[in-house]
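Colleague: Just so you know, the protein sequences line up as chains A and B, in that order. Counting from 1, position 389 in the first sequence corresponds to residue 389 in full-length UniProt numbering; the numbering is continuous, with no gaps. Counting from 1, position 239 in the second sequence corresponds to residue 239 in full-length UniProt numbering; the numbering is continuous, with no gaps.
Mixed in with the good hints, there may be bad ones.
Unchecked claim - With beta-carbon atoms standing in for the labels, derived distance ranges:
id, chain 1, residue 1, chain 2, residue 2, range
1, B, T243, A, T190, 35 to 43 angstroms
2, B, F128, A, G462, 32 to 40 angstroms
3, A, T190, B, A130, 46 to 54 angstroms
As the list claims (entries may be wrong) - In silico BS3-like cross-links for lysine-lysine, where the CA-CA straight-line distance does not exceed 27 angstroms:
id, chain 1, residue 1, chain 2, residue 2
4, A, K232, A, K79
5, A, K376, A, K232
6, A, K139, A, K128
7, A, K477, A, K368
8, B, K124, A, K79
9, B, K7, A, K326
As the list claims (entries may be wrong) - Part of the chain A face toward chain B, derived, beta carbon under 7 angstroms:
id, residue
10, G90
11, F95
12, A117
13, A120
14, M169
Simulated from the structure, these hints should not be mistaken for lab results. Values in this document were obtained by computation on a predicted structure and should not be read as measured data. All C-beta atoms in this analysis are idealised placements derived from N, C-alpha and C, irrespective of residue type, glycine included.
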Amino acid sequence: MSTPLLEVKDLEVAFRTQTGLVQAVRGVSFSLERGSSLAIVGESGSGKSTTAHAIINLLPGTGFISGGQILLDGQDLTKANEHEMESIRGRKIGFVPQDPMSNLNPVWSIGFQVEEAIRANGIASGRKAVKKRAIEVLKEAGLHDADRRLKQFPHQFSGGMRQRVLIGMGLAANPQLLIADEPTSALDVTVQRVILDHLESLTRELGTTLLFITHDLGLAAERAEQLLVMYKGQVVEAGPSVEILQNPQHPYTQRLVAAAPSLASRRIQASGSLAAAETAMAADAATAAGDTIDLIATAEHRAEVLEAAAAQPPAIVVENLTKVYKIRGAGEFTAVDDVSFQIAKGTTTALVGESGSGKSTVAKMLLKLEDATSGKIVVGGNDLATVSSKEMFALRGRMQPVFQDPYGSLNPLRNIGNTISEPLSTHKVGTKASRRERVFELLDQVSLPRTLVSRYPNELSGGQRQRIAIARALALKPEIVILDEAVSALDVLVQAQILRLLADLQAELNLTYLFITHDLAVVRVIADNVCVMQRGRVVEAATTDEVFDNPKEQYTRDLLAAIPGANIPLGA
Amino acid sequence: MLWYTGKRLLQVIPVLLGATFLIYFMVFAMPGDPIAALYGDRPPAPGVIDQIREQYHLNDPFIVQYFYYLIGIFQGDFGVTYSGQSVNDVLARTFPVTIRLALLAVFIEMVFGIFVGLISGLRKGGIFDATGLGVSLVLISLPIFVVGFVAQYFLAIQLGWFSPTVGAGAPLEDLILPAIVLASISFAQIVRLTRSSVIETAGLDFVRTAYSKGLTRRRIVPVHILRNSLIPVVTYLGTDFGTLLVGATVTEGIFNVPGVGRTLFQAILRGEGPTIVSFVTVMVLLYLVVNLLVDLLYAVLDPRIRYA
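So here's chain A without its partners, still in its complex pose:
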């Protein structure tokens, strides 16, 4: 074999900040043979995306390459000037960015944006030839009615469609190397699978070398031959994917393997059907692998709790709930269609579905942020349709939400102490001193240091912020917590911590959770019951074990099959 296509040697990337230089990538080396595929895995802040951006010389803000070499076909990219880089980007290295929502310019049509890429790389010239190639590129990327949709704008495309456009643009000039930076993280699992399958066959057909960046270990192992695990800017482990997954050497990789719910779900599923003794053994094994999260034991404990809960009146009853939105010029849109379920006190029910399935609309109606078109919601014995605003105010104190985006759901101008105590002062609970005491207590409960009270949200990490949001939700000692994609934005290790925290708090405070998520792997470790929603309807509702072991609906089976890495055998 000749020289590798891409060779990265001792790459160092630093960011200039007010307090000096911050090293984001420290001595990363790897090489990529022609036609092979490599995945860089790590949590946010590990330097995986920074490495990718360094290769195409598009580091954000004050970032710069402070050392090392990047050799593409023997040419050192760290020494290339801007003009040389412009001819390398697109032509030799294609790039598929992470978020399909923000990576297309909203004011230009899809066709315009694909065509300018084709023209810039000299693939075709002349209006007709460029347009023809644009349609070709988009069709290859899986956009079948490309010729018709060329004139449409990004906002008229779904996330999956936009990602296809971005993949098409990345491959427009037939580059030798394609860098895909979390290409499907923002998409639903089933869409994710379709897109990745397509990307895989396309790159194989064209002989493109693939560099894949992801936070999802299962996905990486499924899609790439080689794995590179990064942690705090350094490579901690590298080698063939299956080998790393089955026999992780570095403690960090071991923790990743153990914590990833997409992988853990497989094990719990197995242990769930086995005898209790074996479950205990599996739990022990997991603990022995390092500082692992004991999700299995938590899940096992549920059986007793569930039995006790069934005897009491349910915390939430939803009957024939329907929500119809009127769309001007387009008639009506039924977001939630005849949905019924019950949640027993102290248990967790998960509402699962892809985006647009109506699961968040159910949550909004439960919180009475939206009014139901028809149907009945009874929370703690109160029918939401008939409660007075005063009763609703009291009820809101007993039913608290945690939302998806820990960056958006905290007011950046309020410090943590004020944020957590706000529900207390709104509901006039206690005195100033007692509220402050309660804030400390809550910080302890969510395992955050008390010194955070005077800090502001922008000084905290995503995981810490989500803990704050949970602490705020718990401030009034609610009976019901509605978690709308509460862990979706978090890294796997942080996600596992938050899930354990939620399970602990539930056991301690007898909380009732409505857990809304698109991620079936997470459902497996947190929920007692599952309602699978599709296009506004509940298509399957059963206990979590039943849904996972014996899914009745094709849609549920599709969702389960789409969990990345589910079919890779594990060694922990």
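Dock chain B against the given chain A, drawing on the hints supplied.
Modeller: Below, chain B without anything else, positioned relative to chain A:
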């Protein structure tokens, strides 16, 4: 789009009625007798006063006077000034001048404001940026009459680059200096708005994607950065038009421009009800039309916005 435009045009009616009523009421409530003001020290014969009062319906109650006035407006007749001229004639004489002045000012502030803002934004923290911000801060801080007098004294009288006052017929070359003065405040705002908008846009994901496609900077700056940054600037133009009209009153006074501002100012001093109300009515109407145009332009610039 058509439906939206129609709806917006219908909204003009209540706004216009409300505005004329308020202004008419305030002019009515102004202290002093307009007829006495008209004649100065030498009182006219009593019969003349009565005749004038009768002619202008000044003896009728307020609401009846307003009603007479409204009927006139709907017939396209804005009444007569106290000096006997038809208000329609005065409007026709002064509005073209002011509109020319305002358009020239808009042109100056857009071209220079966007240019300076773009360069400042792209070279954030550089010398150009610092200078641009400094100058715009000075311009924002100074009242427009200070800018006006300073510019008139130094640029026109001392250096002789421009004509210090505007001659008959308000030729375009005479209007350049007043237009620069009028544009100065909004220029500073547009520089700042464009600058921050460019900085924000330049950091967005799709700009990085544009680079990753292999596009050159020369293409990305106008097509992906400037184009997107213009959306808030265009929105600003709508509200800015009001500022321009207010500024025109002062600027026209300084440079002796025979436009709306100066005429309106003199009418207010004399307490000429019909003239004031007519001018302000036309101004309100203009303001509404300009804002409607801006909103429609907004939809052209940003395809995500479609008025159903």
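Colleague: Determine for every hint whether it applies to the structure shown.
Modeller: Each hint, compared with the structure:
{"no.": "1", "hint": "T243(B) to T190(A): 35 to 43 angstroms", "in the structure": "violated, 54 angstroms"}
{"no.": "2", "hint": "F128(B) to G462(A): 32 to 40 angstroms", "in the structure": "holds, 37 angstroms"}
{"no.": "3", "hint": "T190(A) to A130(B): 46 to 54 angstroms", "in the structure": "holds, 53 angstroms"}
{"no.": "4", "hint": "K232(A) to K79(A)", "in the structure": "holds, 26 angstroms"}
{"no.": "5", "hint": "K376(A) to K232(A)", "in the structure": "violated, 50 angstroms"}
{"no.": "6", "hint": "K139(A) to K128(A)", "in the structure": "holds, 17 angstroms"}
{"no.": "7", "hint": "K477(A) to K368(A)", "in the structure": "holds, 19 angstroms"}
{"no.": "8", "hint": "K124(B) to K79(A)", "in the structure": "holds, 25 angstroms"}
{"no.": "9", "hint": "K7(B) to K326(A)", "in the structure": "holds, 20 angstroms"}
{"no.": "10", "hint": "G90", "in the structure": "holds, 3 angstroms"}
{"no.": "11", "hint": "F95", "in the structure": "holds, 4 angstroms"}
{"no.": "12", "hint": "A117", "in the structure": "holds, 4 angstroms"}
{"no.": "13", "hint": "A120", "in the structure": "holds, 5 angstroms"}
{"no.": "14", "hint": "M169", "in the structure": "holds, 6 angstroms"}
Violated hints, listed in ascending order, are 1, 5; each of the other numbered hints is respected by the structure.
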